[in-house]
Amino acid sequence: MIALPHYLLVSAALFSLGVLGLLTRRNAVNVLMSVELILNSANVNLVAFSRYSAGNLEGQIFAVFVIVVAAAEVAVALAIVLTLYRLRRTPNLDEADILKG
Amino acid sequence: MEEVLRSLALFHTEIALTAGLMLVVLVDAAGGAWRNAAVRALSLATLATALVFAVRLQVAGAAGEIFSGALVVDPLGTFFKIVLVLASLLLLLAFTFRNARELHGLGQGELFALVLALTLASLLLVAANDLVMLYLALETVSITSYVMVAYLKGDRMSNEASLKYVLFGAVSTGSMVYGLSLLYGMTGTTSLPRIQEFLAGGIPDGNRFAVYAIALLVMAGFGFKIAAVPFHFWCPDVYQGAATPVTALLSVAPKAAGFGIVLRFFYGTLAVPVTSAWDLTGVIDWQAVLVVVSVATMTLGNVAALTQNNMKRLLAYSSIAHAGYILMGVVALSDNGARGLLVYLFAYLFMNLGAFLVVTLVHLHDGTFDLRDYPGLYRRSPLLTIAMGFFLLSLVGIPPFVGFLGKLYVFGAVVALGPGYYWYAVVGAVNAAIAAFYYFRVLKVMVIDPGNEAKPALSLALADRAWVLFFAAANILPLFFWSRIEEWTRGALVLYAGR
Amino acid sequence: MTAEAIVFTVFAVLTVGSALVVVLARSLIYNAFALLFTFFGVAGLYVLLGADFLAAAQLLVYVGGILVLLLFGVMLTHKIYELDLKTDTVQFVPGLIVAAGLFVILAATGWRTEWAAVPRPPEPTTREIGGLFLGQYLLPFEAASVLLLVALIGAAMIVRRRKDA
Numbered sequence: 001m002i003a004l005p006h007y008l009l010v011s012a013a014l015f016s017l018g019v020l021g022l023l024t025r026r027n028a029v030n031v032l033m034s035v036e037l038i039l040n041s042a043n044v045n046l047v048a049f050s051r052y053s054a055g056n057l058e059g060q061i062f063a064v065f066v067i068v069v070a071a072a073e074v075a076v077a078l079a080i081v082l083t084l085y086r087l088r089r090t091p092n093l094d095e096a097d098i099l100k101g
Numbered sequence: 001m002e003e004v005l006r007s008l009a010l011f012h013t014e015i016a017l018t019a020g021l022m023l024v025v026l027v028d029a030a031g032g033a034w035r036n037a038a039v040r041a042l043s044l045a046t047l048a049t050a051l052v053f054a055v056r057l058q059v060a061g062a063a064g065e066i067f068s069g070a071l072v073v074d075p076l077g078t079f080f081k082i083v084l085v086l087a088s089l090l091l092l093l094a095f096t097f098r099n100a101r102e103l104h105g106l107g108q109g110e111l112f113a114l115v116l117a118l119t120l121a122s123l124l125l126v127a128a129n130d131l132v133m134l135y136l137a138l139e140t141v142s143i144t145s146y147v148m149v150a151y152l153k154g155d156r157m158s159n160e161a162s163l164k165y166v167l168f169g170a171v172s173t174g175s176m177v178y179g180l181s182l183l184y185g186m187t188g189t190t191s192l193p194r195i196q197e198f199l200a201g202g203i204p205d206g207n208r209f210a211v212y213a214i215a216l217l218v219m220a221g222f223g224f225k226i227a228a229v230p231f232h233f234w235c236p237d238v239y240q241g242a243a244t245p246v247t248a249l250l251s252v253a254p255k256a257a258g259f260g261i262v263l264r265f266f267y268g269t270l271a272v273p274v275t276s277a278w279d280l281t282g283v284i285d286w287q288a289v290l291v292v293v294s295v296a297t298m299t300l301g302n303v304a305a306l307t308q309n310n311m312k313r314l315l316a317y318s319s320i321a322h323a324g325y326i327l328m329g330v331v332a333l334s335d336n337g338a339r340g341l342l343v344y345l346f347a348y349l350f351m352n353l354g355a356f357l358v359v360t361l362v363h364l365h366d367g368t369f370d371l372r373d374y375p376g377l378y379r380r381s382p383l384l385t386i387a388m389g390f391f392l393l394s395l396v397g398i399p400p401f402v403g404f405l406g407k408l409y410v411f412g413a414v415v416a417l418g419p420g421y422y423w424y425a426v427v428g429a430v431n432a433a434i435a436a437f438y439y440f441r442v443l444k445v446m447v448i449d450p451g452n453e454a455k456p457a458l459s460l461a462l463a464d465r466a467w468v469l470f471f472a473a474a475n476i477l478p479l480f481f482w483s484r485i486e487e488w489t490r491g492a493l494v495l496y497a498g499r
Numbered sequence: 001m002t003a004e005a006i007v008f009t010v011f012a013v014l015t016v017g018s019a020l021v022v023v024l025a026r027s028l029i030y031n032a033f034a035l036l037f038t039f040f041g042v043a044g045l046y047v048l049l050g051a052d053f054l055a056a057a058q059l060l061v062y063v064g065g066i067l068v069l070l071l072f073g074v075m076l077t078h079k080i081y082e083l084d085l086k087t088d089t090v091q092f093v094p095g096l097i098v099a100a101g102l103f104v105i106l107a108a109t110g111w112r113t114e115w116a117a118v119p120r121p122p123e124p125t126t127r128e129i130g131g132l133f134l135g136q137y138l139l140p141f142e143a144a145s146v147l148l149l150v151a152l153i154g155a156a157m158i159v160r161r162r163k164d165a
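Chains as they are written, first to last, in this note's numbering: chain V, 1 to 101; chain Z, 1 to 499; chain C, 1 to 165.
Just chain V, same shape as in the assembly (with noise of 0.2 Å):
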């Protein structure tokens, strides 16, 4: 018999399994990637949550919701991920990072 607590198990390994890959991954797309990730973990609770625990819809219109802003954040990252492709794109590829820490 399935229940609520299965379905936070598998969030809570998608989120956990997100922070990884942003503690470990050196490359943007990587982290962005992670954080995609810890969104979606974000989005199995709230509808799991819908069914099991609210009765109501409202847990499923906050995911789309959140849907609609990663899409955007998405955008915008990889926006600035480009410019900072092609302005670095220089063959001193050990160039050190201009900002400290």
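Facing chain C, according to a computed beta carbon distance under 8 Å, are these residues of chain V, among others:
{"id": "1", "residue": "G55"}
{"id": "2", "residue": "F65"}
{"id": "3", "residue": "T83"}
The set of hints was computed from the structure by calculation and includes no laboratory data.
Even glycine gets a Cβ: it sits at the ideal position worked out from N, Cα and C.
Once you've looked at the hints, dock chains Z and C against the given chain V.
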């Protein structure tokens, strides 16, 4: 339908901003020789109209839920609205594409549209009455800020800063959503008043851990917005990398909006009217946690600022420290505390915008943000130096400047909590003293240090001179209107929380 | 094992397994495609939870939009794996410990807590969601358009190459 029409009557400020935003986008897209001037005029008109509507709303003292509970109108929210619209209006008036050297040659229409969108989203954030609205508004403010920071796309440092900002922000708000989802699961609703009712009914012991988790995760999102420790890491780099007018706006608007929602969330949702209006649901000792965050924030900000030479980074760390002081108002968890927060934010608006204006003007004429290039400024432009002196002394919190008012109220609110909190006020005072070091250092460099004699005097444009004088006056005059301000903030303390 | 349990296990394993690949694999292309399977897995979980509209939205937006965007980004900057755009990272093992600890804490929280218990039997949601968007959640629905406008203007402005006036 009636609900929507009724709500629209209380929604004039936001409608004005939305209409202005759309017009600005259309006019900018239409092109033409007068495009830039038209867009600027349109933005200023929009913000002025919005300000008038907001003040009218405050005077009318309206309160109630609108749009089926998505937003709430109350005097507290309206206070924040006035501060936010005023911040954007003053920003667009004082900082122009002419006097901000970093912005020379860049497209103008987009920035105006972004400022209007940021203001609109902040207004929605401080009025949010539902988790969905809260998240959406917070993210709109954030994403608009990311784009504004990335405006200087030809500059590598600016790009790195904006990337750092996006990634850090996405993680913080992503964690916050996870926390909010847990809150939804526990209460079965996304409406803040109903969450409050549920929490007021008591929480079973087994749920303690979940509440801790929710608290931590939600604080990640809020802490990021107000740049509190340990979610402040993005702040110095972003402030340094963004164009100075953008930095000036970021240091005031999103921070104020963040504090608005912190007040509403902690006081309105997590607080329970048991003995007074401000008792927190007794699961976590919120005050203790906030005290720790506040102390860490102000200390880190002040200590780090001591060694900064880049004016923008210095002001960034100063900003972080001030968030720590403002948190004292949240900790105080009383009418006095909330009032302290409001006064401080109001004062902070004028101090910070003024300081950043001076930094921008120096950069315009000298092309530098480095404090080590500031010596001799007193000889070259007494006006700028004296005005900067006003702003710096205000930031320190010395009377008769407006910054003193802010500090007086928050320290007073903490002291009023009782002897157990005296140490906290002392820590605050010590921090203010440490801060005085670096503020005075800037002043000393400008006034006393001998500069390069060959550098010519700074001739400021009339408009620039006028705005510097305006901000200088704004840092001194409010003290004469002390009682008015007190009245205003007292009236603003009505927090409509579904009651 | 009921059919529901089998299907759940399949989707759960697909989701978490792909997420592992996203986080651990070396090549960016592997990461992107693993992310694709993660999104599919999540959509499957939504269907199991009775969220039919959301599952379709997930596929349309996440897979059809966000993932495609990520893939474009990966391919247009094809040497990007040589560029370290983020330098402050943690060694793998400490990161793993933190993540594992986090998982244990969150899983325990999920298991132990008394969540609200008002179940909602699965039924088609599209009509009701539509009603909510035009009723109770009208304002967020409209406000989202401001967000999308800003993202559109912003992304386009950041990326375009032409000299601005």
